[in-house]
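Student: Here is how the chains run, residue by residue.
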Amino acid sequence: MSRAALLVLADGRFPAGGHAHSGGAEAAVKAGRITGADSLESFCRGRLHTAGLVSSALAASAVLGVDPRLLDEAADARTPSPALRTAARKLGRQLMRAARASWPSTELDALAREFPKGAHQPVVLGLAARAAGLEAVDAAYCAAYESVSGPSSATVRLLSLDPFDATGVLARLSPELDRIADRALEAARRVADEGVDALPSASAPLLEIGAEAHAAWPVRLFAS
Amino acid sequence: MHLDHHHDTPAALSADAHRPDGTRRALRIGLGGPVGSGKTATVAALCRALRDELSLAVVTNDIYTREDAEFLLREAVLPPERITAVETGACPHTAIRDDISANLEAVEDLEDEVGPLDLILVESGGDNLTATFSKGLVDAQIFVIDVAGGDDIPRKGGPGVTTADLLIVNKTDLAPYVGSDLARMAADAKAQRAELPVVLQSLRSEAGVTDVADWVRAQLAAWTP
Amino acid sequence: MTAPGAGVRATARLVARDDGRGGTALPVLESDGPLALRRTRGSGTEARVMLVGAMSGPLGGDHFTVEADIREGARLRLGSAAATIALPGQTKGEARYDVRLTVADDGELHWLPEQLISAGGSDLYVTTRIDLGATSRLVLREEQVLGRAGEEPGRLSSRLVLRVAGRTVLDQELACGPGAPGGWDGPAVLAGHRAVGQLLVVRPEFADKPVTAQMLGESATVVPLAGPAALVTAVAPDALLLRRVLDEALATLSA
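Residue numbers (the working numbering), protein chains in the order written: chain A, 8 to 231; chain B, 2 to 226; chain C, 0 to 254.
Honestly, the hints are just simulated from the structure, not real lab data.
It cannot be assumed that every hint is accurate.
Examples of chain A residues lying across from chain C (beta carbon under 8 Å, computed) [said to hold, decoys possible]:
| hint | residue |
| --- | --- |
| 1 | S49 |
| 2 | A81 |
| 3 | S210 |
| 4 | I216 |
| 5 | E219 |
| 6 | A223 |
Even for Gly, the Cβ is constructed at its ideal location relative to N, Cα and C.
Start from the sequences, fold in the hints, and give me the full structure.
Tutor: In structure tokens:
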């Protein structure tokens, strides 16, 4: 197996449905909370340290062989917004399809059978990484990166933001991404011993509230 | 006999012609084309023409959520459970070509929930002339342009005009008003497409969608063993 | 209560049980140092208790614990006499405030304390752990106010964990103030709001008939959790506006 599989998995063009989701950016733009590169950076930083950390730890735990059903339940408990639970399962199902086509695995097949409508995306991401022969740290990085790359590219479309500014935001967040992946990995190792309560559960009230507001709009560009 | 199909649920590879239980899945026909060329109106007309003889369903890909789906619901061309809207994140061409996962889930869910189905029409969001459907999503595709969009479109070509299995030049009734030369459009299309068929249609005429419906029936006859 | 150099440790405990005559008895009601529990007049089958702060705090280095055990069929309503203010201490180090609530089957707890205010320079870690039986009922309010009027907040971290019949239904942490992970005051998390609160309502009937997710104004929402529970989450510019939203939500959920 090859480390380069991480590049395939983390590629924004990996056909797993992410392009239709803004990670809360569409709601934040409409509410006037994201207006440019600076507020995008602050948004992404907040998302990285909350939802991003949780996703990252879930994904890393799945690579370490923690029961995906327990991880899926833990993800539910860490996602109060039903709109976000639905989006996470939708994306998990889409990722499952791409992952099974890319790295066929009996574990992925079993999870697909258990969750025909999709398990939480980070759990599927972890099992996909495992199927690709990647390590827990790789999945942690991938999930953490996705937590900020999605809102960033969505904001380029929503605000016609200069794409170089948006990419600069992601580059500036890199050191924090390193720390999040470290923390997620550390938590995942504890989960392997102590159970899923050792997972972080950092939350962001406005992401939760914004997701419900967004889900109620009659007209929107992104699915979440 | 397809040797590569998976029996695991949910259905695995996209282009597989069978459902997880081994039965043959519905024929999937995509309709693409620029904004305002009459894709949704053509879908509505096809539903009316075919709904009594076929079990069919529609997936829409809106730029803005549900607008096209809601048009079809308002027009009551099919029961609401047979119409599904996919959200495309401002990139309708991505959802039908580069990352077809949401559309595949929509067609599979329709087959699970209202099937068995003979035909699923997948309508793309209005896009530009380069947008085409992935072969992993549809079995055949129709590209819809209209006379009001400029009679030089067939000559300019592009993947949709050149490679679609059927090209519709729509709203022919408007040609005199917008100064479009139908004969020239037909000749240019023929030059671009060699043997691939072209239909010139006006949904306001008596013939309406008849030619396209006949083409769909022929596709279905070839698809069903 | 013990007060080694590092800070005050105090644990208040109460046990509520069905008194067998249609009411609720409190066989254990133990105050400790700054944590004083007072029984007040109840109504009907329900016992009422007030948590009265006998001194300010928690200060840096303090560790307070409140434990309430609601036994089968008992009903308790707990409030507090005033807001709790986290203050900086003489000693460095964080303060801890742990709340442990257990409600057995057919028991009911209304836990409606006043706000927790994070004063400038303070550093407090609050955990609330709730264990319910399958047929227990709960109403719990949690309000956090970042800074006294016109003041920068201290550091406040909180974790709220709800288990119903052994299954974790909600596990949520929030960290804010100086030194909290980046972006806490940005557009994804609080965006300048200085009051954040939650209302957690658990009823067995929510398993079959969950609440419908909806917005409550522009900065609050009520949602069904993945279990027999509803959660209201609200942010507001200040404590008063937050309370107004949560009160309205509670009235709606109780109707």
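Student: With reference to the structure, classify each hint as holding or not holding.
Tutor: Cross-check of the supplied hints:
1. Among the interface hints, the one on A:S49 holds; its C-beta lies about 3 Å from the nearest C-beta in chain C, closer than the 8 Å criterion.
2. For A:A81, the shortest C-beta to C-beta distance to chain C is roughly 7 Å, which falls under 8 Å, so the interface hint holds.
3. Contact between A:S210 and chain C, as hinted, is supported at the beta carbon level, the nearest pair being about 5 Å apart and thus within 8 Å.
4. For A:I216, the shortest C-beta to C-beta distance to chain C is roughly 5 Å, which falls under 8 Å, so the interface hint holds.
5. A least Cβ separation of about 4 Å between A:E219 and chain C falls short of the 8 Å threshold, and the interface hint therefore holds.
6. A least Cβ separation of about 6 Å between A:A223 and chain C falls short of the 8 Å threshold, and the interface hint therefore holds.
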